[in-house]
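Chemist: Protein chains in written order, with full-length UniProt numbering: chain A, 1 to 558; chain B, 1 to 558.
There could be a bad hint or two in this list.
[Said to hold, decoys possible] Every beta carbon over 12 angstroms from chain B, so not counted as near; a handful from chain A, in silico:
1) Arg68
2) Lys117
3) Asp131
4) Asp180
5) Ala253
6) Ser265
7) Val437
8) Thr457
9) Val466
[Unchecked claim] Here are the simulated SDA-like pairs of lysine to any residue, each with C-alpha atoms no more than 25 angstroms apart in a straight line:
10) Lys544(A) - Leu59(B)
11) Lys368(B) - Phe211(A)
12) Lys368(B) - Ala253(B)
13) Lys462(B) - Thr457(A)
14) Lys95(B) - Gly38(B)
Hint data in this document are derived by calculation from the structure and do not stem from the laboratory. Here a beta-carbon is modelled for each residue, glycine too, at the ideal position from N, C-alpha and C.
Take a look at the letters that make up each chain.
Protein chains: 2
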Amino acid sequence: MPTQISTPQPLEPGTLRVIPVGGLGEIGRNMTVYEFDGKLLIVDAGVLFPEEHQPGVDLILPDFGPIRDRLDDVLGVVLTHGHEDHIGAVPYLLKLKADIPLIGSTLTLALVEAKLKEHRIKPYTLVVQEDQTEQLGPFHLEFVAVNHSIPDALAVAITTPAGRVLHTGDFKMDQLPLDDRITDLRAFARLGEQGVDLFLPDSTNADVPGFTAPERDIGPVLENVISRARKKVVVASFSSHVHRVQQVLDAAAATNRKVAFMGRSMIRNMNIAAELGYLRVPDDVLIDTKKAKNVPDDQIVYMSTGSQGEPMAVLARMANLEHQIEIGEGDTVILASSLIPGNENAVYRVIDGLTKLGAKVVHKGNAKVHVSGHASAGELLYCYNILRPRNVLPVHGEHRHLYANADLAIQTGVPPRNVILGQDGIVVDLKDGVASVAGQLDIGYVYVDGSTVGEITDADLKDRRVLAEEGFISIFCAVDFTTGQCVVGPEIQSRGFAEDDSVFDDVRPQIAKAIAEAAANGTRDAHAFSQVVRRTVGRWVNTKHRRRPMIVPVVIEA
Amino acid sequence: MPTQISTPQPLEPGTLRVIPVGGLGEIGRNMTVYEFDGKLLIVDAGVLFPEEHQPGVDLILPDFGPIRDRLDDVLGVVLTHGHEDHIGAVPYLLKLKADIPLIGSTLTLALVEAKLKEHRIKPYTLVVQEDQTEQLGPFHLEFVAVNHSIPDALAVAITTPAGRVLHTGDFKMDQLPLDDRITDLRAFARLGEQGVDLFLPDSTNADVPGFTAPERDIGPVLENVISRARKKVVVASFSSHVHRVQQVLDAAAATNRKVAFMGRSMIRNMNIAAELGYLRVPDDVLIDTKKAKNVPDDQIVYMSTGSQGEPMAVLARMANLEHQIEIGEGDTVILASSLIPGNENAVYRVIDGLTKLGAKVVHKGNAKVHVSGHASAGELLYCYNILRPRNVLPVHGEHRHLYANADLAIQTGVPPRNVILGQDGIVVDLKDGVASVAGQLDIGYVYVDGSTVGEITDADLKDRRVLAEEGFISIFCAVDFTTGQCVVGPEIQSRGFAEDDSVFDDVRPQIAKAIAEAAANGTRDAHAFSQVVRRTVGRWVNTKHRRRPMIVPVVIEA
């Protein structure tokens with residue numbers, strides 16, 4: 001499936017166009033654009049977190065390219081739930097046009113609004129809930145309750161004259177969730193009977209056989225671990241996982257401990273969740289972090305962020321003894337969280353640090369303290385059989401997840417030709433129950449670094465990778481272009497290459513000689529002299545050191 | 001357990017000194033130095049593979065510091081088995097003194113000799129086998145068969161007048177191994193009855209509950225997957241895993257397929273293993289890689305390297321369509337290997353690439369195609385109970401593994417004060433059945449980068465990390481130190497910072513102005529002018545871009 005960029009034909013009347021601009025081929029930056037009759041509807045606008053081959057990048061945004069010139073046509077952004085990979089790009093979208101309405105559940109919008117406040121944006125919002133319907137221009141929206149690792153998640157059915165689409169957002173099918181709010185399979189069945197022309201399901205766990213275990217299984221494990229703890233307990237989890245925090249609060253209450261929230265996002269999100277009634281705080285359990293130090297060690301639980309080993313978060317700072325809460329012999333630390341691939345080294349470094357300080361570290365590798373938020377293969381089969389969709393476009397996953405999900409669809413009887421495997425920027429047109437690929441847009445990664453958005457390019461990241469692997473050598477010479485004499489320099493600077501600058505002593509005369517020779521042979525311009533310097537230093541470093549640092553020559557006319 | 005460097009007292013007569021210079025706090029660079037009566041014995045000399053916070057590093061060696069000035073006292077190096085983390089540093093050790101004898105089993109020495117040949121070193125060797133005893137100066141050595149993920153692994157019991165030490169090397173306790181060579185618990189029992197004063201056990205899987213599954217379980221799964229494959233099959237594994245390759249050969253024979261070895265180390269190691277009789281090649285199964293292209297797709301298995309996603313290995317090149325064997329629709333790729341933490345992103349990138357090309361990818365996440373080579377907690381408990389060691393020094397593991405192993409020892413009745421938790425460079429003295437910590441040496445990481453050993457320092461790696469995160473800006477000016485006028489420059493070069501050099505247009509005059517002001521205020525030396533440039537650019541980049549690139553100012557007198 002190599003990428004063949006092909007510009008789609010203009011949209012025919014009566015046709016729905018679907019363009020996932022993020023989330024196909026990656027877990028993150030989910031964003032799908034729907035177009036009908038000249039109007040646009042967006043579902044989700046999330047961020048992707050960088051991997052180690054994208055050094056120094058803070059966030060990766062979806063490519064707004066396909067809608068940048070059509071912002072006035074956007075009728076709204078439906079946000080399925082409040083996770084960063086679905087809402088994190090909203091501030092950057094609203095910076096382009098502040099009055100695009102946001103549509104979502106109470107908790108989702110509350111979390112987005114708190115985030116937008118930090119960017120000084122006050123959005124237009126429309127609060128919706130399950131079973132509610134809304135008409136937005138040509139788009140008829142019906143919201144359906146789904147269960148996920150954050151409360152108040154919604155799927156959305158989008159109906160236009162071209163047909164009906166069901167977009168699940170992230171979901172799983174815990175049949176006994178803490179808040180009794182299950183994924184509404186009755187609604188799925190009804191939509192299926194009415195006919196689902198295109199189904200866009202979450203693929204994250206499509207390659208995991210069986211069923212995701214219930215969240216409820218974790219409570220007794222937490223209570224058991226906490227009841228056996230002799231001293232302080234620290235629990236780390238995602239700062240939006242209201243139900244996980246609920247179970248920690250309940251376990252603390254059952255074992256007569258107080259709970260203090262740690263970390264800015266944990267405190268902010270749990271305040272919102274408690275205020276709105278999603279988090280039920282048992283009486284007298286919560287105490288302020290500042291007062292927690294006065295509570296005896298065997299009566300306190302710290303609920304913190306940093307479960308992914310993030311270096312600046314509470315947990316990593318504790319592991320390095322850089323936090324006011326000092327971890328020591330007999331303390332217990334619970335990582336009630338997944339281990340997102342790519343974070344292993346960071347997480348294990350934190351676990352090792354805490355272990356060395358004497359703490360007992362409990363994590364999903366040695367106890368059942370985490371379950372996933374996504375439907376496994378077994379659950380997805382239920383969905384396909386209840387919905388019987390005409391066409392399927394698996395979304396939200398790396399390619400192996402999308403393929404696994406496609407395979408499940410086909411196993412339940414969806415004809416293989418009706419299952420579309422795509423990547424970011426694929427253009428799918430739906431009309432009269434037929435979905436077809438109409439083109440493939442060229443979709444890029446948009447890197448946020450510091451206060452800059454999109455200034456860092458893939459070429460810069462390639463430079464950074466070379467710099468990281470090998471360091472650099474920069475050479476400056478001011479040259480008399482006629483004689484080829486170095487009037488100033490060669491001045492050599494290097495970083496990440498060698499401790500001792502004397503390694504360059506033997507190459508300086510080689511550089512001067514090469515420049516003089518080039519001049520004798522008629523070279524007269526700065527660029528050509530730079531190339532001479534680059535080749536001379538490159539050959540020297542390769543022969544003598546078997547290394548390939550970045551070589552940055554600067555030659556100017558003296 | 002913060003590191004307190006403390007030089008040990010000179011060694012008392014009749015005392016055995018044990019110094020693990022690598023492998024405590026990391027999985028890799030295993031090396032332990034034993035000293036008695038002025039003579040040294042080394043067990044293993046392995047390498048550690050770098051993590052992403054050590055960019056550009058090829059290998060990490062043990063710190064030879066503690067033995068560097070005493071190479072004439074080294075009586076030999078016992079190599080427990082032929083894995084890189086136990087033998088990889090041997091060439092670097094022999095470069096210091098080529099005639100140190102190597103002691104190990106037939107296969108282990110054959111693998112080391114092949115490696116040394118590439119470094120043009122012909123070593124002195126002593127081949128030993130299980131149940132054999134040797135006297136090396138004051139060290140009485142007894143070798144014991146152990147089972148591991150490479151054949152012919154040995155534990156070694158080291159007896160001196162100070163007592164008896166059992167050093168396991170890597171091992172597990174598969175009770176039905178392919179070669180019927182089990183870990184010799186009868187020998188462990190006999191040693192236990194004679195008295196083991198200090199036990200140094202492999203800790204890698206000490207935090208994994210239960211028992212490591214038998215290697216034999218994998219064969220039927222491989223055969224099943226291969227028999228159902230419609231087209232080409234590629235199996236990737238470690239190039240030294242003779243038994244895994246054996247099972248692939250057997251499965252290929254059973255399904256009427258030929259096998260071609262791919263990758264330099266795979267071909268070299270399997271030739272050695274077959275020649276020495278460790279690999280039994282079924283008749284007419286093996287064919288030359290060059291001829292494999294003429295075999296129909298449904299009759300071939302490629303056995304390759306690259307199971308950890310290494311970018312230059314066969315599998316990654318296949319995933320990028322950069323290899324002569326083209327992966328396509330209907331092919332099957334089996335990763336019959338572990339997923340070493342830290343390699344997840346690389347491995348998943350390969351799996352994703354292969355999936356996009358149409359291959360079915362089978363790995364330990366979706367089928368039982370790998371078992372570990374190390375004893376889990378359940379097996380270690382057997383060892384402790386059979387040996388009943390007086391003192392325990394867990395080795396070969398990150399800190400959480402060492403702690404878990406210590407915990408197992410204590411559970412079986414070893415007094416906690418007799419269980420030593422240490423890190424690289426800990427000095428343990430043994431006399432009259434009492435083991436005590438005598439000091440802590442300062443042990444560093446020795447980085448191999450290209451042809452250089454130890455030239456790259458932690459400071460260079462820190463520079464590289466900054467370069468990777470932010471890139472650099474270098475500024476050159478030739479200044480008239482009296483007037484403060486920039487005669488040449490400011491010339492600005494940057495990499496990894498911004499695509500467009502025009503971003504620097506507004507800072508150049510700021511630099512010139514700052515230099516002129518400094519000169520007016522009496523600054524007259526190059527270093528002080530450089531600091532002025534650094535501050536000016538640093539303030540500009542932080543205020544305007546919220547970034548922190550490395551700033552490299554060069555000011556010289558015009």
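Chemist: List, from low to high, the hint numbers that the structure doesn't satisfy.
Modeler: 8, 9
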